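Chemist: What follows is each chain in one-letter form.
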Amino acid sequence: MAYQWDFTPVFANSELLAQGLLNTLKVTGASLACGLVLGLGFALMRLSRHRLASWPAGFVIEVFRTTPPLVQLFWFFFALPLIAGIEMTPLLAAIVTFSIQSAAFFAEVFRAGIVSVERGQWDGARAIGMTNGQALRRIVLPQAIKRMIPAFMERAIELMKTTTLVATIAYADLLFAANEIAQKTFRPLETFTVAALIYFVVITAISLLARQLERRLAVSGESTVH
Amino acid sequence: MTILKVSGLIKRFGGNEVIRGIDLDVEKGERIAVLGASGSGKSTLLRCLNFMEMPDAGTITLDGKLVGHREAELTLVRQRIGMVFQQFNLFPHMTALGNVMEGLRTVRRMSKPDAEARAERELARVGLADKAAHYPAHLSGGQKQRVAIARALAMDPELLLFDEPTSALDPELVGEVLGVIRSLAEEGRTMLLVTHELGFAYHVATRVIFLADGTIHEQGTPDEVLKHPRRERTQAFLARHKEFSL
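First to last, the sequence lines map onto chains A and B.
Numbering follows full-length UniProt numbering, with no gaps: position 194 of the first sequence is 194.
Numbering follows full-length UniProt numbering, with no gaps: position 88 of the second sequence is 88.
Hint data in this document are derived by calculation from the structure and do not stem from the laboratory.
Everything numeric in this text was worked out from a predicted model, so none of it was measured.
Errors might be hidden in some of the hints.
Calculated cross-link-like contacts (lysine-lysine; reagent style DSBU-like; alpha-carbon spacing at most 30 Å) [stated by the list, open to error]:
| id | chain 1 | residue 1 | chain 2 | residue 2 |
| --- | --- | --- | --- | --- |
| 1 | A | K146 | B | K112 |
| 2 | A | K184 | A | K161 |
| 3 | A | K146 | B | K131 |
| 4 | A | K184 | A | K26 |
With the hints as extra help, turn the sequences into a complete structure.
Modeler: Shown next, in the form of structure tokens:
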């Protein structure tokens, strides 16, 4: 007998799904924002000529790039409170983990972006009396960031999907909500299909917005979109 | 009056000594053409003068004041010594006007209307008032270089350094850039110009310096160095250049 698809129990719980989506976006957004700032910091440390700055940054970047995200999440949620006595909520543990993890990734993107800007741009900036900081902020970063947008987007999408791991520490994200609904309604196929559709719609919408942004930034004729 | 005094300048890259002890006094209003084969240290000499490269030894004195190594000091010196590059180095994410305004806004902290007015004047001076809103990608090589000159002029430099300003240009665009440099010369500006345009050097420079192996091999008036060189290497260099300028 063919399976009878029935989505009504899923839609009856749409409020739960909406709350889950909101929580997913919360973790993703906060981690991206913190990750970007922290990532730029790591990148600058890594590019620094002082080993005291470049080595620790390099170490953190390597550790977070090479260990499984699930282990990192468990470590921050279970181990850090034991070692440091810090109270960790699932949300906080998730944001800390994914911020640093994104930062490790963004640091490499920032670094590659910064070194991809020709030496001549630094020369041009310094020749009119800019400090290195001014040259970085006004001349080099604006050009570097434009080239980094595709990599950022790729990472943002990857991150949104990785955040589903937070369900393992009982944070009520979209997948956690879906799981709950599935168990309640005995309709796992329908529930997870809807959840997947929501991820698909949200991520596609964000990708389209990013393309628009890239086009807007391409006005000066130096573009990543062809 | 001596604006810039260089003594015992040495610059190494790795184990390679590119500048091997150069002494040079630049008087106000002087226009010095720096010639030499590639690898003779011309560009490096110029880049040491505004500390784009840090000299390994020697001193540079600007208006009687010894220049130190702190960033604050160097940024002040670089505002007083303008530089124009072979590859223009315009900021591609800014319009022509934005490029010229950038130093006034970020470094001088000038108000936007003042900086805009000043930048417009500088663009007009190099004949590009109508290109103010264009991005570098939409300008010809000659126009880019003229914007770069306007960008340097906006900072009111006492000394201008030109590092092969026409070497990256198509031949038909060289004239417009040399025209602008000539008009600056006629204003009595002090400048050092690394160039392969011997004719231009002959007509515009007040002094010609010939570099070889990181030292000043020969110097004098354009007539002395370009028409009646005394030393063999200068003669050989000029002969090589004449082969091509038919």
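Chemist: A separate judgement is required for each hint: does it hold in the structure or not?
Modeler: Status of the hints after comparison with the structure:
At roughly 25 Å between alpha-carbon atoms, A:K146 and B:K112 fall within 30 Å of each other, so this suggested pair holds. Pair hint A:K184 plus A:K161 holds up; C-alpha atoms about 24 Å apart against a cutoff of 30 Å. Distance hint between A:K146 and B:K131 is fulfilled; the C-alpha atoms sit about 24 Å from each other, no more than 30 Å. At most 30 Å may separate the alpha-carbon atoms for a hinted pair to count; A:K184 and A:K26 meet this at roughly 25 Å.
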